[in-house]
Amino acid sequence: MSRSTNELIREMADELTPVRSLRLRDGLARVAGALMLTLIAIESIAGLWRGVWQGEASTFYILTNGLLLLLGCAATSTVLRMASPQVGNQHEGPRWAFLAVALLPVAALPALLGHDHPVVALGSFHGLKCMSLSLAAASLSAVALFLWLRRGAPVSPATAGLHLGIASSALGAGAWGLACPLDGDVHLGIWHVLPVFLGALLGRLALPSLLRW
Amino acid sequence: MIADEQTLSRMMALAQGGDKQAYAALLTEVRRWLERFFSRRCIPAQRDDLVQEVLIAVHNKRATYDPSRPFLPWLAAIARYRWVDYLRAVYRAAEDELTEAETPSETEEDSLIARLSLDRMLAQIPHTQARLITWVKIEGLSIRQAAGRSGQSESAVKVNIHRGLKKLAALTEKAE
Chain A
1 MSRSTNELIR EMADELTPVR SLRLRDGLAR VAGALMLTLI AIESIAGLWR
51 GVWQGEASTF YILTNGLLLL LGCAATSTVL RMASPQVGNQ HEGPRWAFLA
101 VALLPVAALP ALLGHDHPVV ALGSFHGLKC MSLSLAAASL SAVALFLWLR
151 RGAPVSPATA GLHLGIASSA LGAGAWGLAC PLDGDVHLGI WHVLPVFLGA
201 LLGRLALPSL LRW
Chain B
1 MIADEQTLSR MMALAQGGDK QAYAALLTEV RRWLERFFSR RCIPAQRDDL
51 VQEVLIAVHN KRATYDPSRP FLPWLAAIAR YRWVDYLRAV YRAAEDELTE
101 AETPSETEED SLIARLSLDR MLAQIPHTQA RLITWVKIEG LSIRQAAGRS
151 GQSESAVKVN IHRGLKKLAA LTEKAE
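Chains A and B supply the protein sequences, listed in that same order. All letters in the first sequence, in the order written, are residues 1 to 213 by the working numbering. All letters in the second sequence, in the order written, are residues 1 to 176 by the working numbering.
Only true hints are included.
Facing chain B, a subset of chain A residues (Cβ under 7 Å, in silico): (1) L22; (2) S84; (3) Q86.
Just a sample of chain A residues kept apart from chain B, beta carbon distances all over 12 Å, derived: (4) R30; (5) G33; (6) L70; (7) L103; (8) L109; (9) L122; (10) L202; (11) L205.
If you're looking for bench data, these hints aren't it; they were derived computationally from the structure. Computed from a predicted model, the values in this text were never measured in an experiment. We put the CB at the ideal spot given by N, CA and C, even for glycine.
Please take these sequences and the hints and turn them into a complete structure.
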């Protein structure tokens with residue numbers, strides 16, 4: 001860089017154009033819009049499970065989907081804030097929600113191990129289907145969050161990628177969970193939570209290089 | 001004397017609205033602040049480049065500043081981010097050309113800025129890693145010299161520097 005700093009300052013001031021500062025509520029509106037579109041798509045393709053509203057859902061079903069959506073909201077808020085850097089920012093909000101979600105497979109384990117045929121209880125076919133559809137349901141939120149971060153200035157791309165993966169996959173799993181009528185501990189605790197771990201891994205490994213600026 | 005936080009914040013809000021005069025004044029203040037911020041934390045000959053890179057980043061990412069929040073922590077986060085990038089680049093590109101750092105004269109205010117910012121980041125990573133990063137990337141020692149001084153093998157020095165830089169990158173927004 002050879003030009004003088006004074007010259008650089010003059011050039012940047014000359015080419016200045018007004019900008020609208022990134023506002024958290026705009027980001028929230030985008031992610032809410034993405035989640036709404038996801039729910040509409042799920043309703044039109046598979047249909048949301050009406051049993052929830054008729055009191056047929058188990059407590060574990062309510063807990064699992066509630067915790068997933070809570071984790072999705074906490075991580076989303078963190079990702080949106082990461083677009084506007086600030087020394088002193090804390091990004092530890094989703095940690096406790098993530099640990100709470102991580103307890104779900106632990107809670108499902110005794111039921112799985114106590115079963116006469118654990119492999120059958122695991123229900124791999126339906127499980128894999130739910131896992132894939134949860135990840136697919138995460139895509140719109142992931143795109144919305146990714147574009148938001150690209151507009152912003154995340155100064156910890158690795159953490160931002162991790163939180164983006166967690167946020168979108170938790171929202172996706174929570175959204176798909178509203179359509180899945182299987183409300184057993186094992187199915188929910190394993191197959192509806194696994195996408196969050198995969199999303200976290202994917203976000204942590206694949207996104208940092210795309211988020212650098 | 002650098003303008004106070006409130007003045008800088010107000011100037012940045014005006015700049016976001018397109019006020020060129022306020023923006024030029026702000027960038028001049030930011031430049032002074034950055035020169036002190038990076039004092040003793042990069043090779044003096046490269047300080048201007050680093051300052052210019054941060055100024056460009058401030059320009060490109062000016063929409064990410066929230067006028068309801070303080071300005072300097074925002075600027076410091078961007079400066080830290082670019083500083084870690086700079087340390088990585090020094091390691092990759094110019095290792096052989098580095099010379100012993102000059103010791104610039106500085107005021108107490110300069111030291112205070114550095115201590116509140118970059119030193120604090122270095123203090124949060126393991127002492128060995130911080131020491132090696134300082135020797136190799138800031139003072140300009142070669143890997144071999146750093147290995148000799150620390151009593152570690154050259155590959156251990158490289159691994160420690162790599163790990164230290166990863167940790168520094170994760171500390172960009174940490175205040176303590």
